[in-house]
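Asks: Here's the letter readout for the chains.
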Amino acid sequence: MISVRNIYKKFDDKYVLHALSHEIEKGEKVVIIGPSGSGKSTLLRCINLLEEPTFGEIWLDGKLLTPPDPYLHEEIIKSSKTYQKLLNQAQKQGDVDQNTPAQLVAKIKAEDLLNEKNEGKQYKRLMKEYYNKHHLDINLARQQMGMCFQHFNLFANYTVLQNLMLVPVELKLLTKEQAEKRAIQLLERIGLADKKDVYPIQLSGGQKQRIAIARSLCMDPQIMLFDEPTSALDPEMVKEVLQLMQDLAEEGMTMVVVTHEMSFAKKIASKVIFMDEGKICEVGTPDQIFNHPQTDRLKEFLQKIAD
Amino acid sequence: MTNLFAAKFFENIGKIFTNPEYLGNIGIGLVTTLVISVGAVILGCILGTIVAFVTISKSTSPVMKVLKVLCNAYVTVIRGTPMALQLFIMYFVVFAIRGFPPEITAIVAFGFNSGAYVAENIRAGILSVDYGQTEAGRALGLNYTKTMTKIVVPQAIKNVIPAMCNEFIALIKETSIVSMIGMIDLTQAAKLIGAGNALAAYLEPMLVVALFYLAIVYALTFAIKLLERRLRAGDKR
Ligand SMILES: Nc1ncnc2c1ncn2[C@@H]1O[C@H](COP(=O)(O)OP(=O)(O)O)[C@@H](O)[C@H]1O
Ligand SMILES: [Mg+2]
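Line by line, the protein sequences give chains A and B.
With our numbering, letter number 44 in the first sequence gets 44, and the count goes up by one each step, no holes.
With our numbering, letter number 229 in the second sequence gets 229, and the count goes up by one each step, no holes.
The hints are simulated quantities; they were obtained by calculation from the structure and are not laboratory data.
None of the values given here were measured: they were computed from a predicted structure.
Accuracy of the hints is not assured; some may be wrong.
To be verified - Pairs of lysine-lysine, DSS-like flavour, derived with a Cα cap of 30 Å: (1) B:Lys58 to A:Lys195; (2) B:Lys68 to B:Lys146; (3) A:Lys124 to B:Lys58; (4) B:Lys58 to A:Lys121.
Said to hold, decoys possible - Between beta-carbon pairs, the in silico distance windows are: (5) B:Thr60 to A:Glu251: 41 to 49 Å; (6) A:Lys299 to B:Lys58: 53 to 61 Å; (7) B:Ala170 to A:Lys176: 54 to 62 Å.
Stated by the list, open to error - Stretch-level coverage of chain B by chain A, calculated; a stretch enters the list once three of its residues show a Cβ under 8 Å from a Cβ in chain A: (8) 20-29; (9) 87-95; (10) 124-135.
Note that beta-carbon positions come from the ideal geometry of N, C-alpha and C, so glycine has one too.
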């Protein structure tokens, strides 16, 4: 359903994500754990393009969300002027054999030699063709990917009900009446229907986060992304949010959750990803990750959070 | 002695409000001040909004880059030079056309001046809205424009109202320099009345005109307070 292909993300000369690839299938509940600063949030934000990956591609249901990454397509690299130049040089020096093209491609990839602006017509045409063939508008893609933030980010200038209704109505996905009906159903489901006319500032953190989740659900998304949804909550409110997430998981929602709640991870995860220093360090079932860690880094991390 | 003074004072005030010439002067002055102020506020708001959105845009297209440089230069130059000089440049250079209505010249000069301050206010107002609000809107699939108009700008407006109110008040009072390009506004009207033979006293006309300015500023402040209260109905703070 979501395919992350060779993502790099650079913030001021520092790579926060490194050659990260992963496939997420429909119905999976992926929990991402890892030390602070390891790039968990950045990965999640790259998936819905709140951050633009420096290199690499993000795919949703067979549709490309990022611009095509030339380094992932050999035929595009081979159409570039840089490749032609290197090939000519090699020919002049007379050391061309059947491995040369592959070597040149590898060299161009490794040294990031392509320069978008002057790779010639052929290169541009291929890039454009690829883009046109596979691209999906990011705003359409985001409608299918709900996202919950650590700090909720409910719209401060709207009531709870309006928070839920605003986007589906603005985007003409639902009529006002449909949106209201649906919003009320969702609020009833999370037990906050009585708060429908209240502004976010008057709610507790736990209520805000549950409403933020309901706001995403009002878009009827295919997948939900959660970035530490309980980290900003007082302990007594964590449970109500986790319970709602667990209910969602049991209903079959595809979910990607960054969290420090390990018991929650054990309960709902179909797959746990351990990230460290911008890479996926280890992937496995909760049992594999928590009870049989393979890498030293994961062992160390589990040790630390157990203390 | 004091009685004599008071009697004269009230007599003069009476003259100002009964003498058709004086009344005419004040009327013309009031209209001029109001026309220039309203025109400049409107122009300033339009200009300021455009400039603010250009300066906060993250677009990297060449056109936007050029526009950004222009907008930043505009704000810097306007804020770095005196209003009177800007008015002179409009009057003696830009609109140095025989018979060109001076009201337009003044509106453009004050509007351009105000635009720079309005732009800074709006920019600060938009940046004061938590970026999480934008991210939440975008993450749900709203485009940039809708996120701005539906979520960020309504919150920014609340935040900028006090600063904008200050700017409008400053603008209204600053229009009092239009006599420098030969226009008769409230201030100039007071001067003319005071210098007139029949009165030969400056205190009374100046006081009367001061009350007019006070009334205008008070009315504006009151209207904005009402608007603000209405906009803040939502948040109990
Ligand atoms: N907008 C940004 N600008 C610069 N550096 C950033 C930005 N966002 C994140 N980083 C850096 O990227 C690294 C990974 O951040 P993040 O993805 O938030 O980690 P995590 O969520 O795992 O704690 C950190 O070192 C952080 O300082
Ligand atoms: Mg994080």
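Asks: Hint by hint, which ones does the structure fall short of?
Replies: Violated hints: 1, 6, 7, 8 and 9; rest satisfied.
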